[in-house]
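A.B. asks: Using this note's numbering, read the sequence shown as starting at 18 and increasing by one per residue.
Watch out, some of these pointers could steer you wrong.
[Unchecked claim] Quick list of the computed label-pair ranges, beta carbon to beta carbon:
no.	residue 1	residue 2	range
1	216	333	38 to 44 Å
2	267	292	18 to 24 Å
3	119	209	44 to 50 Å
4	336	205	26 to 32 Å
5	256	132	39 to 45 Å
6	272	292	19 to 25 Å
7	268	101	29 to 35 Å
8	258	42	43 to 49 Å
9	205	377	33 to 39 Å
These are calculated hints, taken from the structure and not from any lab test. Glycine is no exception: its CB is placed at the ideal position from the N, C-alpha and C atoms.
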Amino acid sequence: MTGTSTAVSRLRAAADGANRWVVLVVLCLSLLLVALDATVLHVAVPAVTEDLRPSAVGLLWIVDAYPLVCASLLILFGTLGDRIGRRRVLLLGYALFGIASALAAAADSPGMLIAARALLGVGGAMIMPATLSILRQVFPDRRERALAIGVWTAVAAVGAATGPVIGGFLVEHYWWGSVFLINIPLMAVILPVARWLLPESRGEADGPWDVLGALTAAAGVLGLVLGVKRIGGDGGVLTLATLGPLLAGVLLLVLFVRRQRRRAHPLIDIAMFSRPAFTTAVGCIVLAMLALVGLELIAVQYLQLVLGLSPLETGLRLLPLTFAAMAAGATGSYTLSRTGPRRMVGWGFVLTAASVLLLTLMGQHDRPVLLTVGFVLLGFGLQSTLFGAYESMLSEVPAERAGGAAAIGETSYQLGAGLGIALLGSVMNAAYAPGLSRLHEEGVPAAAGSAAAHSLGEAYQVAGRLGGPMGDLLRDTARHAFVDGLHITLLVSAGLLLLGALAALRLPRVMDCPPAAKGCREPAVELPEQASGPDTPAVSATRAGSRPPAVPEARGERLPRPARREPAEATGSGRAAR
Numbered sequence: 018m019t020g021t022s023t024a025v026s027r028l029r030a031a032a033d034g035a036n037r038w039v040v041l042v043v044l045c046l047s048l049l050l051v052a053l054d055a056t057v058l059h060v061a062v063p064a065v066t067e068d069l070r071p072s073a074v075g076l077l078w079i080v081d082a083y084p085l086v087c088a089s090l091l092i093l094f095g096t097l098g099d100r101i102g103r104r105r106v107l108l109l110g111y112a113l114f115g116i117a118s119a120l121a122a123a124a125d126s127p128g129m130l131i132a133a134r135a136l137l138g139v140g141g142a143m144i145m146p147a148t149l150s151i152l153r154q155v156f157p158d159r160r161e162r163a164l165a166i167g168v169w170t171a172v173a174a175v176g177a178a179t180g181p182v183i184g185g186f187l188v189e190h191y192w193w194g195s196v197f198l199i200n201i202p203l204m205a206v207i208l209p210v211a212r213w214l215l216p217e218s219r220g221e222a223d224g225p226w227d228v229l230g231a232l233t234a235a236a237g238v239l240g241l242v243l244g245v246k247r248i249g250g251d252g253g254v255l256t257l258a259t260l261g262p263l264l265a266g267v268l269l270l271v272l273f274v275r276r277q278r279r280r281a282h283p284l285i286d287i288a289m290f291s292r293p294a295f296t297t298a299v300g301c302i303v304l305a306m307l308a309l310v311g312l313e314l315i316a317v318q319y320l321q322l323v324l325g326l327s328p329l330e331t332g333l334r335l336l337p338l339t340f341a342a343m344a345a346g347a348t349g350s351y352t353l354s355r356t357g358p359r360r361m362v363g364w365g366f367v368l369t370a371a372s373v374l375l376l377t378l379m380g381q382h383d384r385p386v387l388l389t390v391g392f393v394l395l396g397f398g399l400q401s402t403l404f405g406a407y408e409s410m411l412s413e414v415p416a417e418r419a420g421g422a423a424a425i426g427e428t429s430y431q432l433g434a435g436l437g438i439a440l441l442g443s444v445m446n447a448a449y450a451p452g453l454s455r456l457h458e459e460g461v462p463a464a465a466g467s468a469a470a471h472s473l474g475e476a477y478q479v480a481g482r483l484g485g486p487m488g489d490l491l492r493d494t495a496r497h498a499f500v501d502g503l504h505i506t507l508l509v510s511a512g513l514l515l516l517g518a519l520a521a522l523r524l525p526r527v528m529d530c531p532p533a534a535k536g537c538r539e540p541a542v543e544l545p546e547q548a549s550g551p552d553t554p555a556v557s558a559t560r561a562g563s564r565p566p567a568v569p570e571a572r573g574e575r576l577p578r579p580a581r582r583e584p585a586e587a588t589g590s591g592r593a594a595r
């Protein structure tokens with residue numbers, strides 16, 4: 018008994034001292050699984066379509082249920098962790114993630130797979146905010162915490178980008194359900210290690226927990242994205258099936274905002290959105306993730322169904338995007354300090370839009386050099402955009418609200434991923450179907466043409482059943498329609514990215530950091546009684562570009578500092594302190 022207690026004490030002590038980096042490894046492995054599941058299914062979409070035969074909207078839900086549910090519940094479980102303990106929520110998330118993975122692997126119908134993916138989203142929502150909160154606790158030093166969070170955010174990017182590679186290998190050698198089974202042994206190892214190793218922590222629990230508000234926000238997001246999914250479907254835009262969820266989602270979100278404004282202890286401080294830089298940064302994160310995940314899903318289908326690559330070959334083709342994102346993350350702190358948020362985010366969007374326009378040169382035949390260059394530019398541009406947007410968002414709020422800002426950042430990250438698949442997938446469906454509308458004039462049965470209009474994978478199945486010249490005609494027509502739809506989707510995406518570049522003009526030109534770093538503005542010197550006032554003379558002078566008025570500390574006199582003076586950006590930007 019004594020030996021067991023000693024072992025547990027040693028494991029828990031790993032959170033202190035030099036072994037806090039072991040805690041970082043555990044947290045990063047947790048995040049890796051969550052990020053991996055957002056994209057690991059992409060290369061398995063054709064196999065899932067062939068086996069379960071979902072509708073076009075059902076297929077979108079299979080892929081989109083996970084990030085959408087995860088985004089909807091981040092605020093709910095983030096605030097729950099503050100009340101009952103972040104480590105406890107994290108461990109519950111591990112267990113739920115493992116159970117949902119087993120259910121997804123055993124799914125034998127589209128509905129069951131969608132439900133399992135939604136349950137995975139619940140587990141992911143429990144894991145993500147808890148990992149960031151615990152990480153902040155075990156790294157009290159600002160420099161080390163900034164470095165640790167930089168590693169944490171880089172792991173998220175790598176997990177999302179390497180998902181197709183791992184998924185491709187598993188689908189090629191086993192079956193599509195194996196992409197979920199890999200979570201079970203990993204969770205079986207991480208769960209007991211995290212239980213012994215990670216420290217427990219709680220946040221401020223002032224006021225009652227607004228469960229109704231969190232559920233209202235979740236329902237509003239679900240309704241909004243459901244309406245977006247219906248756009249481009251069989252029902253069109255001006256139908257009850259489309260407008261109903263859209264209007265309900267907007268109404269619920271409006272009610273959520275009004276409720277938060279009235280409450281003394283809101284889940285989200287709505288006043289943060291009154292700052293143009295904060296709101297702009299959140300919008301930039303959504304746009305960047307919209308482009309990344311939506312384009313990646315469409316690119317996977319193009320590589321497999323048009324070029325005929327295997328799932329593993331498809332994943333390997335996407336590796337340049339991973340390496341480019343890693344390079345952008347590794348150099349992000351240096352780049353941001355030299356260029357500032359406005360230029361880094363704006364030019365990141367421009368570079369991404371250029372890569373998307375370059376990819377419109379894709380056609381019926383394989384062009385590996387073109388694809389490699391396009392994916393490299395895409396990965397580097399998007400990661401640069403995300404890095405700069407996170408930094409700007411978190412630096413716009415005071416330290417005591419940094420946790421809420423981080424939750425909003427994670428929500429916008431996941432929401433952008435869900436909207437990307439919904440919006441660009443709907444655009445793709447709307448552009449693809451008209452290309453098959455004249456097949457009946459060539460002698461193809463109307464029922465076959467209607468079924469083929471759902472997706473390219475289903476068109477191949479219908480063509481195989483028809484056989485002969487009619488089957489070949491259907492296959493070729495569907496492939497050309499898919500490529501034409503891909504070009505239209507890429508143009509829409511490029512337009513959205515250029516809008517993001519224009520929006521980035523509202524971000525700060527330079528970042529707050531020591532004046533020794535090129536491109537940084539000199540931080541204002543504040544008197545203790547002025548620390549909370551946004552319009553003090555020192556701050557106003559600094560914002561105007563002039564020297565702040567002299568204070569006693571500048572003359573060599575020491576001033577008492579407030580008890581808490583941790584900058585907000587240290588909690589989630591990944592920018593290394595200098």
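A.B. asks: Each hint: holds or not?
C.D. replies: Here is how each hint holds up against the structure:
1. Separation of residue 216 from residue 333 is about 40 Å and conforms to the stated range, judged on CB atoms against 38 to 44 Å.
2. Separated by about 23 Å at the C-beta atoms, residue 267 and residue 292 satisfy the suggested range of 18 to 24 Å.
3. The beta-carbon spacing between residue 119 and residue 209, approximately 18 Å, falls outside the hinted interval of 44 to 50 Å.
4. In this structure, residue 336 and residue 205 meet the distance hint of 26 to 32 Å, their C-beta atoms being roughly 28 Å apart.
5. A hinted range of 39 to 45 Å for the beta carbons of residue 256 and residue 132 is inconsistent with their spacing of about 26 Å.
6. Against the hinted window of 19 to 25 Å, the Cβ-Cβ separation of residue 272 and residue 292 comes to about 23 Å, which satisfies the hint.
7. Distance hint check: the CB atoms of residue 268 and residue 101 are about 31 Å apart, consistent with the given range 29 to 35 Å.
8. At roughly 47 Å, the beta-carbon separation of residue 258 and residue 42 lies within the given 43 to 49 Å, and the hint holds.
9. Taking the beta carbon of each, residue 205 and residue 377 are about 45 Å apart, not inside 33 to 39 Å as hinted.
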